[in-house]
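S.K.: Each chain, letter by letter, is given below.
There are 2 protein chains.
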Amino acid sequence: MDNKGFRRSSLASFHSNTSDEDMVEITEATLDFTMTDDVPPIDRDMAAGFVSYNGNGLNGGAKVMDFLDVPGVGTYEDFNTIDWVREKSRDRDRHREILSRSKESTWALLHSVSDAFSGWMLMLLIGLTAGSLAGLIDISSHWMTDLKEGICLPWFWFNHEQCCWQSNNVTFEDRNNCPEWRSWSQLVLGRSEGAFPYILNYFMYVMWALLFSLLAVLLVRNFAPYACGSGIPEIKTILSGFIIRGYLGKWTLIIKTMTLVLAVSSGLSLGKEGPLIHVACCCGNILCHLFTKYRKNEAKRREVLSAAAAAGVSVAFGAPIGGVLFSLEEVSYYFPLKTLWRSFFAALVAAFTLRSINPFGNSRLVLFYVEFHAPWHLLELIPFILLGIFGGLWGAFFIRANIAWCHRRKTTKLGRYPVAEVLMVTAITAILAFPNDYTRMSSSEMISELFNDCGLLDSSKLCDYVNDYNNTKGGNLPDRAAGNGVYTAMWQLSLALIFKAVITIFTFGIKVPSGLFIPSMAVGAIMGRLLGVAMEQLSFYHHDWLIFRGWCNQGADCITPGLYAMVGAAACLGGATRMTVSLVVIMFELTGGLEYIVPLMAAAMTSKWVADALGRGSIYDAHIHLNGYPFLEAKEEFSHKTLAMDVMRPRRNDPILTAITQDSMTVEDIEAIISETTYSGFPIVVSRESQRLMGFVLRRDLIISIESARKKQEGIVSTSRIYFTEHTPTQPTTAPPSLKLRAIMDLSPFTITDQTPMEIVVDIFRKLGLRQCLVTHNGRLLGIITKKDVLKHIAQMANQDPDSILFN
Amino acid sequence: MDNKGFRRSSLASFHSNTSDEDMVEITEATLDFTMTDDVPPIDRDMAAGFVSYNGNGLNGGAKVMDFLDVPGVGTYEDFNTIDWVREKSRDRDRHREILSRSKESTWALLHSVSDAFSGWMLMLLIGLTAGSLAGLIDISSHWMTDLKEGICLPWFWFNHEQCCWQSNNVTFEDRNNCPEWRSWSQLVLGRSEGAFPYILNYFMYVMWALLFSLLAVLLVRNFAPYACGSGIPEIKTILSGFIIRGYLGKWTLIIKTMTLVLAVSSGLSLGKEGPLIHVACCCGNILCHLFTKYRKNEAKRREVLSAAAAAGVSVAFGAPIGGVLFSLEEVSYYFPLKTLWRSFFAALVAAFTLRSINPFGNSRLVLFYVEFHAPWHLLELIPFILLGIFGGLWGAFFIRANIAWCHRRKTTKLGRYPVAEVLMVTAITAILAFPNDYTRMSSSEMISELFNDCGLLDSSKLCDYVNDYNNTKGGNLPDRAAGNGVYTAMWQLSLALIFKAVITIFTFGIKVPSGLFIPSMAVGAIMGRLLGVAMEQLSFYHHDWLIFRGWCNQGADCITPGLYAMVGAAACLGGATRMTVSLVVIMFELTGGLEYIVPLMAAAMTSKWVADALGRGSIYDAHIHLNGYPFLEAKEEFSHKTLAMDVMRPRRNDPILTAITQDSMTVEDIEAIISETTYSGFPIVVSRESQRLMGFVLRRDLIISIESARKKQEGIVSTSRIYFTEHTPTQPTTAPPSLKLRAIMDLSPFTITDQTPMEIVVDIFRKLGLRQCLVTHNGRLLGIITKKDVLKHIAQMANQDPDSILFN
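Residue numbers (full-length UniProt numbering), protein chains in the order written: chain A, 1 to 808; chain B, 1 to 808.
Worth flagging that the hints you see were computed from the coordinates, not collected in a lab. Careful, some of the hints might be misleading.
[As the list claims (entries may be wrong)] Each computed DSS-like pair below joins lysine-lysine, with the alpha-carbon atoms no more than 25 Å apart: (1) A:Lys767 x B:Lys300; (2) B:Lys792 x A:Lys792; (3) B:Lys792 x B:Lys410; (4) A:Lys413 x A:Lys461; (5) B:Lys767 x A:Lys635; (6) A:Lys338 x B:Lys410; (7) A:Lys461 x A:Lys410; (8) B:Lys410 x A:Lys635.
[Stated by the list, open to error] Covered by chain B, per the in silico footprint, the following chain A stretches (three or more residues, Cβ under 8 Å): (9) 320 to 326; (10) 537 to 551.
Just so it is clear, CB atoms sit at the ideal spot from N, CA and C, and this is done for glycine as well.
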């Protein structure tokens, strides 16, 4: 064998320029691997055999691309798992080829440069589209949310806020009450005071909500069923290497964007953050089609999707760094450092695009801009940790309750009437929400108000304090006694807390786009503000207590209720999603001060510990389990002491593993094996007796090759021998010509021994992204473990039904 | 075989409660694996065989710990690579055992809880120590730097700044000139004006510098040779799984902390940021000894070191998030998400500890606090990108020149006189630095001044503008004409630029602790400020030019030279270290505004592209190569088309691989193999003829076992047969008793086929952290590939000398 350092081992081209006429080759349309002449004959077969693994070779660039265009070759079927090793090998081959060709001509050099920059180009495009779509969604949902309450008469395309900006008839004090903005009762009855106008407004509010949600659910049901939900569980599964065709397609994108606006505007207890990630991933996936590098390679495409997810979070919160960390921590499976840098770029572009659209009208990037004036005291960590405990408890409770309800929906008649369910939930939400100021406004508006640190000029109920102007020094507001407004707000907020906490359980999972970030932050923010105001009043009236002495004197500004709301929001969000670093960083980007990282971190940590103690896995993991997606969790360690032999097929009492021998089978034999079994691949052994493993062949490749050989190669009949060996033995001339299939064999299948602990096997599957792995004992082939087997085994060990895993 | 799901396959305990008297077991002190009685006899051997891989089993917890305490077992020799798979398996076993025992007693439960929280505890301690040490270093180096120029007479322990704070005799305008602070000439001659006092000050400056550097180099040479340099290349190598004993030990810590202060104070062109990371890692390593979980497991310890590195950067710059990302991007090798969260915690604790020490006296966390007032314009991206190009060029040039110089030091007589070299460099630095204001001050002070946005009250030369008070509106300073001071500063800065750029090449690598962050930032900041002032004056005098029209009218504040300095600093740092995300995030944390991320990102991106085009790899990678550390780069893809068979040993013409047979060898035979070869492990095959792989045994285990058996087991002589099989065949009674060594065999060695492409092999080694991998062909053992072989092959492919790799 030729063994020089630079072996050109996959010199495959598409021209049948071989001279070995006695070998029957698979031809053209399917898998035409033949050799170039500069390779010694003895090396050729090996080279060709290697090709099936490496996709293509150094020569015949454009033609190799054509080969990948052959339908069925190099692609995967729906609901299948990709082979990361193979995809990455293919990408490296592609890269090598472009590089080697780049020296040939200027055009090829340009091609190579444009190829190198195509990733950055793609990131730029993703950032631009994700930012624009987020701006569009923000603007339309603001307008439609306000439409439920009234309309801007002279300029109907303005929302309430913009309407009053345009108006000349308002003072700063009363900036949300301009004559141009008419509530429905004002428009119809000409007045807004009294019982009847109230009922009319109430009615219009509920009707608009029902209309929006009906539209949303009908659009989802009829045009893009994948557009419902938050999409994060599915995106996690897709990024881990699963294929769900259409989940990130253009219809999903269009319908999800539209219905997201409708669902948010209908006032349901849901957020737009999760779905925005889905929308950004759809953009990423669609834009991948512009670049061959990403269109044709499932592994590379997943890198792009990871970056798109970062861009999605970036525009959802205006937090680019948090977005990248969210993608890294929560969503992605394979996240090389190159992707980190590109994700960051995409996230930044998206954030700046959104800012130039300026949907909030305040040139701020962030959804909830907060500025606190007072530092926090070490003793305040106690209430912050209490908020963390609350967040953890709520998170764990929410996950259980929501999963139980979703399970019920899946298994009972309920699931058959999605439209009715949505309408019912919307009706209940709207009817209960309208009478309470804090539930009538949109959740994000409410959170914004709860985060707010009351200034002297704030006119909201929450800031209705008894002002003592003698004590105010230099802009710093001291703690003050609460006025009536604050007490009213407390009652309303308590009711809103119960309402939000309960209705969200029934809302998350209905057949409209629905995110969980905003509702869980709302619950936490209410709880936090309640606790914050309580602490503030306590310290105001009892500033001589031991715990307040020293840091909370009379006239000092020592408690910031807005900070409590923020910490509470982080705690609840952390409890439900189990985010850690990304959560803290997102919140840090909202406030922009390192100052408040410690309270946020204390709450997020406590919340995660408490929630983890009550049940492992985030709401997304729980939904992945519920839906049986084949997701190999990278965070949790497999901790049981089983061995590969306990998991492999065939099991002890099963018949022996179906294998193909290298030289003793005929076309007939193999066709029989294909029709009798449903395995997606077969190991090739030296002989039945020795059971020594030679390679692995995929079912699909085998079928395509034999079919094509029968059609295009003369003399191939059912009794033709099939050879996977390097050399074909000379045969009697009476025998039919033999079929040489070494080309489609994978010569480097992954093998482990039967004694390998499953923890290591799980690790290998995870880190290398395998689809299957062969099991040997003392060099003899014994069995096979597929990703499905691993997932089933993990489910079994966790006392779950192993057959619940959805897998083709 | 018993094949139930929950196989307890490594039921090993230390009590020889076996009843199989006919088997000779390895005893106590070495490797006593025997079975508990609840395992069927047929399963025992397998279970025991498995033990060597998994470290310990479910039973006999404390005793298994004892087993790991046996000298030589489970540890590695110096300059060896760890086996990540084995270490992680051992940790999982440990965890499993503690978990299973936690149900037995309250004490064990407490132990299990404390074990779970020991990681967090360790992080807290690391944060506290790293923060305190950083504060100590900051304070002492400030004081000693000022000592070179003078002393505070009434309070000698104060530095210049603190001295004048204490003084009552200063105005705000002249706040750095107080009578209490005496320069050396004032102290000795009583006056500071004139030529002679200048010469005296000059002389004292040089003398102090020489004294400090002499002390530093002597301490390093005599007490801790590992304390020199930045330490980052070595830490990268250690984190990738290499063992360098003492590199992170207590002596290194003590000496590095002391000499770092001396080196920084001596005024050499070096920074304390890199060495601070080393110091933090030393703390981490030493603190690991407090917790069994980390003391005994090399993989777990490396997780801690990753977090410690993050804490180091966090205190170096006051940038916790940037620190974590730096550790993730630049330093770490194996960085699971759990580590991310913990690193963040450690980084935060460290940052807050440092802040409470408050070494800069401004309650700021960050090293260079900057606040800019004017936004930047899109057209300014052109100069920013120019700065990026400059940074990339400088980085690439610096790496080449520094490596060439270090290579010269290694290979010529120069390397034999480290003390003389350090004194020489210090003398040149001090002599050239004193006359120029900008080189006389410490680099970080200079950078601080360059980043500064000139206010009306700033009295430095750089802010000597011609003020036009008519044009000043509301605090916003318009662009102004430069005064004489600015022109002088420009000249001095130009000279400083050349000086810093040249002297740093010779400084980085001398035998004192030396970081590169500050010098490269200094070069970039000077260049940036020069360009910034040039742009500013251009726009002031030519505001009617097309490019300035519209955004840079007369009287507008359109160019911020400080921002240019910052962008330049980022570009040069990026060029030398090839940091990307972490660089931008660190800079973002310095300014605290998302506003300026885009200029920074543009410069960092350009700089990296330009530098990468001129030579791959950061300065740290270059030093790793230069020193031949066995570091398997995770970022670069292996892109050659070689196969496993080209890399494996034995090569084509070499004698066959040394293997041990399962049942046909005697003690004598194996001792002969051990003495004739130097391999650190041997594969075990079924028989010489079949060459079917059974397992793998480590040389050290084999030696220890045979020695111990000869001592402790009766009848073991040179002719005793050694069996690795499950069952020992019955032998004639005349034969000596046989030795059963299945217990020390690894039954699940990693295997690949000879046709596996090297790109995949490299991937496997990287991702799974293997030490070796066996190569088979059709189920027959063919050869072995070690990490060393892989590294040599990569070096060979890159046309480097493969024998330069340092490996035991």
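S.K.: Hint by hint, which ones does this structure get wrong, listed from lowest number up?
M.R.: 2, 4, 6, 7, 8 and 10
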